[in-house]
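Asks: Take the sequences, apply the hints, and build the full model.
As they're listed, the protein sequences go chains A and B.
Residues 0 to 169, numbered by numbering that gives the first Met the number 0, are exactly what the first sequence covers, in order.
Residues 0 to 551, numbered by numbering that gives the first Met the number 0, are exactly what the second sequence covers, in order.
Calculated directly from the structure, the hints in this document are not laboratory data.
Incorrect hints may appear among the rest.
[Stated by the list, open to error] Derived DSS-like pairs (lysine-lysine); straight-line CA-CA distance at most 27 Å: (1) B:K484 - A:K118; (2) A:K116 - B:K486; (3) A:K116 - A:K38; (4) A:K116 - B:K119; (5) B:K506 - A:K118; (6) A:K116 - B:K506.
[Stated by the list, open to error] Partial list, derived from the structure: chain A residues whose beta carbon lies under 8 Å from chain B: (7) C17; (8) H20; (9) S21; (10) E26; (11) T87; (12) L89; (13) L94; (14) Q97; (15) T109; (16) F111; (17) E113.
Since this is a predicted model, take the numbers as computed values, not measurements.
Glycine residues also receive a C-beta, built at the ideal position from the N, C-alpha and C atoms.
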Amino acid sequence: MAEEEFTDINGNSISLDCQTHSAFCREFTVTSPKLSLRKVMVYTCFVWLFAYAVFFFTENTAVLSSAIILTLVGMMIHIHFVKVDHETLLIIGSLGVQLSSSYASGRESTIFIEMSKLKDIVINEAVYMHSIIYYLCILIKDPADPETVASVVPLFNVRSSCCCSIAKAK
Amino acid sequence: MVLKIFFPQCCNTADSGLLVGHWIPGHNSAVVLAVIHYPFIPGQVKKYLSELQSQTQVDLTVLGSWSMPKEGKEGMDSFLKDLSTIFPQKCWLQLSREIGKRGFICQGDKIILIHYDQRKVMLSQLHPVQDVSQKSDIEPSELRLVFQTVAQSQPLFFLDKYDDGPLKLTHWQSEGREASIIAELLKQASVPVCIFLTWLLSLWHWFLLFISSKLSTCVQSGYRAVHFKTVFSPKKAATHMEFMRKANIFVSFLLDIALGLLLISWLYRENRISKLADTLVPVADRVAKELQELLEWLMGAPAGLKMNRALDQVLGRFFLYHIHLWSSYIHLMSPFIERILWYVGLSACLGLTFALSVLSDIVALLTFHIYCFYVYGARLYCLKIYGLSSLWRLFRGKKWNVLRQRVDSCSYDLDQLFIGTLLFTILLFLLPTTALYYLVFTLLRLVVVLFQGVIHLSVDFINSFHLFAIGLRICRPYRLAEGVKFKVLCQEPGTPLHLMMEINPLKCSSVLQCYRTPTYSCYPKDSWAALCKKLFVGELIYPWKQKTDKTD
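Replies: Right under this line is the structure:
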């Protein structure tokens with residue numbers, strides 16, 4: 000179990016956890032920071048004050064109820080589809096690689112890539128706006144021609160300092 | 000090399016016995032399908048396995064031994080070792096479990112034990128679907144082979160330890176046999192019913208051939224008849240895709256009927272249909288009046304443009320007479336309309352798509368005069384354009400060579416040139432009037448076509464929406480599998496790695512994409528550029544093309 004200080008591309012601090020289950024099975028977990036209560040309160044207050052101001056001018060209560068519904072729906076969508084709680088990479092020797100993302104609402108989305116489809120795991124660099132970010136990705140073979148690369152699956156949405164640790168641990 | 004053993008969850012608590020399964024070639028893994036309990040006669044075991052091999056096309060062998068010791072029964076170990084000599088294998092597995100411990104003990108190192116739910120894996124279908132019978136170059140992956148092996152070994156699961164047979168097996172059926180007398184009776188009854196319905200359908204199909212294919216109602220009923228042929232054929236569906244298609248056609252038809260009956264109950268309650276019929280004639284009258292006013296506006300100075308008075312009056316009077324004829328026919332029909340509409344409304348019990356097709360046909364009939372005007376205007380305009388282009392060539396001293404399909408120079412006589420130029424001038428100055436009439440009626444026709452297009456699109460949506468696949472994805476998500484997911488089970492020292500394999504269901508968007516029913520979707524026959532060109536030249540346009548149903 001190794002824990003060091005890492006940050007993602009937006010500067011938020013994340014943590015990396017490595018667990019060895021057996022000689023050929025390893026699990027890496029990257030945990031993102033939780034949803035900040037302060038941000039939620041700020042957004043909600045902003046939306047509701049704005050709605051109240053509109054209500055003050057239009058005297059229509061539908062504005063208030065629609066603001067409430069909008070806030071609730073927006074929050075539900077955010078925690079169910081956008082906010083990632085932790086991501087896991089499970090490497091099983093001679094079977095394959097499993098990527099799993101767990102969202103703040105508890106939803107888990109998993110992909111398993113078999114060993115026969117896997118070509119290699121590499122660190123790739125990309126130019127993103129004003130900076131260069133490094134990301135770990137899996138190269139997948141093309142089913143028709145085993146030499147070429149069909150698709151590239153990026154792992155984790157975070158920055159590279161933990162990529163190096165994962166690559167070293169692999 | 001790591002050895003992978005796929006072990007069914009139902010055999011975790013099975014009594015000691017022999018492991019029966021299949022070695023997956025080339026991947027160093029084995030799938031355990033069942034456990035045969037003591038006492039057994041080795042000769043009978045071998046005979047049973049070879050019988051099943053010919054039935055299932057799966058290479059079933061004895062993989063090893065399974066030992067689950069109970070109190071009072073000792074001394075199995077030496078007995079188990081002797082078994083490996085009776086059933087010769089290059090690799091003999093020896094799995095055992097101790098009371099009070101959760102992990103299995105297995106001989107050798109570098110072993111992964113993957114637990115799977117046998118019933119779910121048997122019923123599941125991995126996507127993208129690859130037919131077993133299809134000879135493809137792509138090597139099936141290990142997981143696909145595992146799924147195929149379990150699915151093909153269904154005859155192995157017919158006998159279990161509660162049957163009075165020579166062998167006592169444990170597999171998923173031992174947890175509780177699932178059967179329903181109603182389902183079995185329905186299955187038995189369905190074959191003669193299907194044969195009878197197929198015969199009825201062949202008669203209906205022969206009858207439909209006589210009716211023209213212009214009415215969308217007939218197209219829809221023909222389409223449904225083709226569908227029923229697929230559903231009611233007495234042959235059982237061979238592949239997964241055929242089964243899904245059959246099931247969906249059936250479910251979609253039931254939904255259609257349900258929606259149609261709902262529509263009928265809404266229409267006939269409070270006698271809404273008579274009210275609808277009463278408003279129909281005034282609406283038709285209103286449309287006729289609006290058209291009359293439009294024509295009178297065109298006959299004057301429309302939008303400030305100056306028309307050729309004589310041609311204007313002729314065309315205007317010609318169309319006005321048509322409208323007069325049309326309204327007198329409508330008035331003639333008006334006492335019968337309520338009755339007719341009442342009976343036609345009952346036809347919605349055949350399905351909502353049928354009702355929508357009937358609505359589309361009614362709209363087409365009511366706007367028949369607009370269609371006629373469009374055809375007259377278009378033909379006139381088309382003739383004018385062709386005449387103008389031909390005379391323009393004459394003006395420049397050229398001619399269209401029909402044989403060579405190109406423009407050639409030609410020397411005309413003086414009188415030919417004189418008459419040609421005269422006609423050209425006449426046609427050119429009459430062009431604005433004809434063009435205006437053509438424009439107005441084309442726009443009206445396009446509005447009607449758009450409305451019919453919307454109705455056809457909704458009919459198409461109801462026809463092609465794969466309700467069965469979505470229902471299956473929601474109620475039985477393990478049937479449609481995108482892949483698998485593994486979970487590491489808790490470790491005990493001295494035991495090999497245990498993993499739990501669960502089925503990862505297909506995403507809803509992939510379900511819709513994969514199982515779209517091909518239909519006679521109305522799509523625009525021409526691209527926008529071709530359509531504009533046709534409109535400019537004056538060719539008659541039929542923008543919605545009915546594509547014949549393509550079966551996969």
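Asks: Take the hints in turn and mark each one as holding or not.
Replies: Here's how the hints hold up against the structure:
1. B:K484 - A:K118: holds (20 Å)
2. A:K116 - B:K486: holds (20 Å)
3. A:K116 - A:K38: Given pair A:K116, A:K38 is violated - Cα atoms ~42 Å apart, limit 27 Å.
4. A:K116 - B:K119: holds (24 Å)
5. B:K506 - A:K118: Holds: B:K506 and A:K118 sit about 25 Å apart, inside 27 Å.
6. A:K116 - B:K506: Measuring from Cα to Cα gives roughly 21 Å; hence the hint holds.
7. C17: violated (14 Å)
8. H20: Status holds, d = 5 Å.
9. S21: holds (4 Å)
10. E26: Since chain B brings a Cβ to about 7 Å from A:E26, closer than 8 Å, the hint holds.
11. T87: Interface hint status for A:T87: violated (10 Å vs cutoff 8 Å).
12. L89: holds (7 Å)
13. L94: holds (6 Å)
14. Q97: holds (6 Å)
15. T109: Hint holds; A:T109 Cβ to chain B Cβ min 4 Å, cut 8 Å.
16. F111: For A:F111, the interface hint holds, since the closest Cβ of chain B sits about 5 Å away, which is under 8 Å.
17. E113: holds (5 Å)
The structure fails to meet hints 3, 7, 11 from the earlier list, while all remaining hints are met.
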